[in-house]
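J.: One-letter residues, chain by chain:
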Amino acid sequence: MASTYEKIASTTLNSATASITFSSIPNTYTDLVLVLVPKYVSTTATKLTINSDTTTNYSATWFYGDGSTAGSFRLSNVSPVIINYFNNTSAQSSMNILNFQNYSNTTTYKTYISQNNNAGAGTDAGVFLWRNTNAITSIKLEPGTGNYDTGTIATIYGILKA
Amino acid sequence: MTPMLGIMASSISGSKISTSSYESIATATGTGSSGTITFSSIPATYSHLQIRCIARTDTGFATDYIQFRFNSDTGSNYTYHGLEGDGASTAAFGAASQTVALDTNITGSAATANAMGAAVIDIIDYASTSKYKTVRTIGGQDQNSGSNTGQIRLMSNLWLSTSAINRIDLTSYRSANWTTSTTFALYGIKGA
Chain U
1 MASTYEKIAS
11 TTLNSATASI
21 TFSSIPNTYT
31 DLVLVLVPKY
41 VSTTATKLTI
51 NSDTTTNYSA
61 TWFYGDGSTA
71 GSFRLSNVSP
81 VIINYFNNTS
91 AQSSMNILNF
101 QNYSNTTTYK
111 TYISQNNNAG
121 AGTDAGVFLW
131 RNTNAITSIK
141 LEPGTGNYDT
151 GTIATIYGIL
161 KA
Chain D
1 MTPMLGIMAS
11 SISGSKISTS
21 SYESIATATG
31 TGSSGTITFS
41 SIPATYSHLQ
51 IRCIARTDTG
61 FATDYIQFRF
71 NSDTGSNYTY
81 HGLEGDGAST
91 AAFGAASQTV
101 ALDTNITGSA
111 ATANAMGAAV
121 IDIIDYASTS
131 KYKTVRTIGG
141 QDQNSGSNTG
151 QIRLMSNLWL
161 STSAINRIDL
171 TSYRSANWTT
181 STTFALYGIK
191 GA
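Going line by line, the protein sequences match chains U and D. FYI, in our numbering the residues of the first sequence are 1 to 162. FYI, in our numbering the residues of the second sequence are 1 to 192.
I should point out that these hints are in silico values taken from the structure, not numbers from a laboratory. Any given hint could turn out to be false.
Stretch-level coverage of chain D by chain U, calculated; a stretch enters the list once three of its residues show a Cβ under 8 Å from a Cβ in chain U [stated by the list, open to error]:
no.: 1; stretch: 41 to 54
no.: 2; stretch: 88 to 102
no.: 3; stretch: 111 to 120
no.: 4; stretch: 134 to 144
All C-beta atoms, glycine included, are put in the ideal place defined by N, C-alpha and C.
Take the sequences, apply the hints, and build the full model.
T.: This is how it looks when you write it as C-alpha cells:
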C-alpha cells in the first residue's frame, strides 16, 4: 500500500511577517491538512484566503468554550474569514489544525474544518464553506491586524487516497 | 521529489518527506442510487483507522447525518455523546443502546447547491479483541444561508464489542442515497 501522508511545505518565521502563502499547491493529493502555530505582534486572529479570492464567498459556523461559557457563532457572505473564534494576545500561544477534504475537485464548493486551541482564551472548532468549485491552489494566512511574529510555524500536508 | 509549492514567507523549508505510518486502505464514492457505502475485509495490521469524507445525500431535507455500523452488528450495542453548535446556540446530547452509531452532520439535497458536509472520523485501537471500540469525530456542514445553515459537531461513539473491526457500513440517518459527489476514504495508521 502506498505511503499517503506527506509534508508538502513548512515555514518558520525568523522575523515579523505580514502573511504566509502556500501557493502552487499541486492537485495530486486528495486532502490537505494545515497546521498553524501562530505568534502575533498584537492581539488578533488569523484570516484565511483561498486562491486570492477576497470576495464575500466565505461563510463559517463555530462553537467555542472559554472556561465558563459555551456558545456558537456564524458568519455568512463574508470576505476571507478568520479561522479561530478567539483572538490571541502577543503573549499567548495557540494551535490551529485545518482539514481541507477533496480540495482539488471541481464540482463542489469547498468545506473545511478547523480545530483551534488557545489555552489563554478558549478552545473552538469551526466548519467553513468557500462557495467556489475551483480547485484550491493557494492558501494565504494573515493576522487580522499587524504581523506574525518570529517563531510562527505553518506546515501543510497532503493526503493521498487509494 | 522536488516540492511544487511556493511559500511567500521567510525561513523556507519545503522539502517533501514521506511516512509509511499512514496508509490508504480504500476509497469509495457515492453512486446516487445507494444508501450504503461499505469498507469490508479491513486488515488488522494497523493501530488505528481514520475515515475522511465529504458527504451529501439525496434526502429532501437540508441536513442529514452519517451513521455507521461495525461488522454488520445490528444489535443495541452503540452509544454516543455529542456536542454541537449551530451558529446561534450549543447543545449536548447522548443516547445508549442504539442499533446504529450516529455521527456528524452533512448536507441533503435541499441544502445550498454544491455544499458538502465534511468529517474526520478516528477509530481508535480498532483491531483490539479485549476492549470496546471508541470513535471520535469532528465534522459539520455550512451552507452560508437558509434554514439549518450550519452545524459543527464533536462526536464520541462507543461500540460495545471486543471483536476486531473488519467491516464498516456507512449509511444516512434519513435513509437516503449518497450523491455522486460523496467520497469516503479509509486510512490505516500504524503503531510504533
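J.: All hints, please: hold or fail.
T.: We went through each hint and held it up to the structure:
Here's how the stretch 41 to 54 of chain D fares: 3 of its residues keep a CB closer than 8 Å to some CB of chain U, so the rule of at least three is met and the hint holds. By the rule of at least three residues with a Cβ nearer than 8 Å to a Cβ of chain U, the coverage given for the stretch 88 to 102 of chain D holds, with 3 such residues. Three residues within the 8 Å Cβ limit are the bar, and the stretch 111 to 120 of chain D against chain U gives 8, so the coverage statement holds. As drawn, the stretch 134 to 144 of chain D meets chain U at 7 residues by the rule of a beta-carbon pair under 8 Å; at three or more, the given contact holds.
Going down the numbered hints, you'll see the structure goes against none, and every one checks out.
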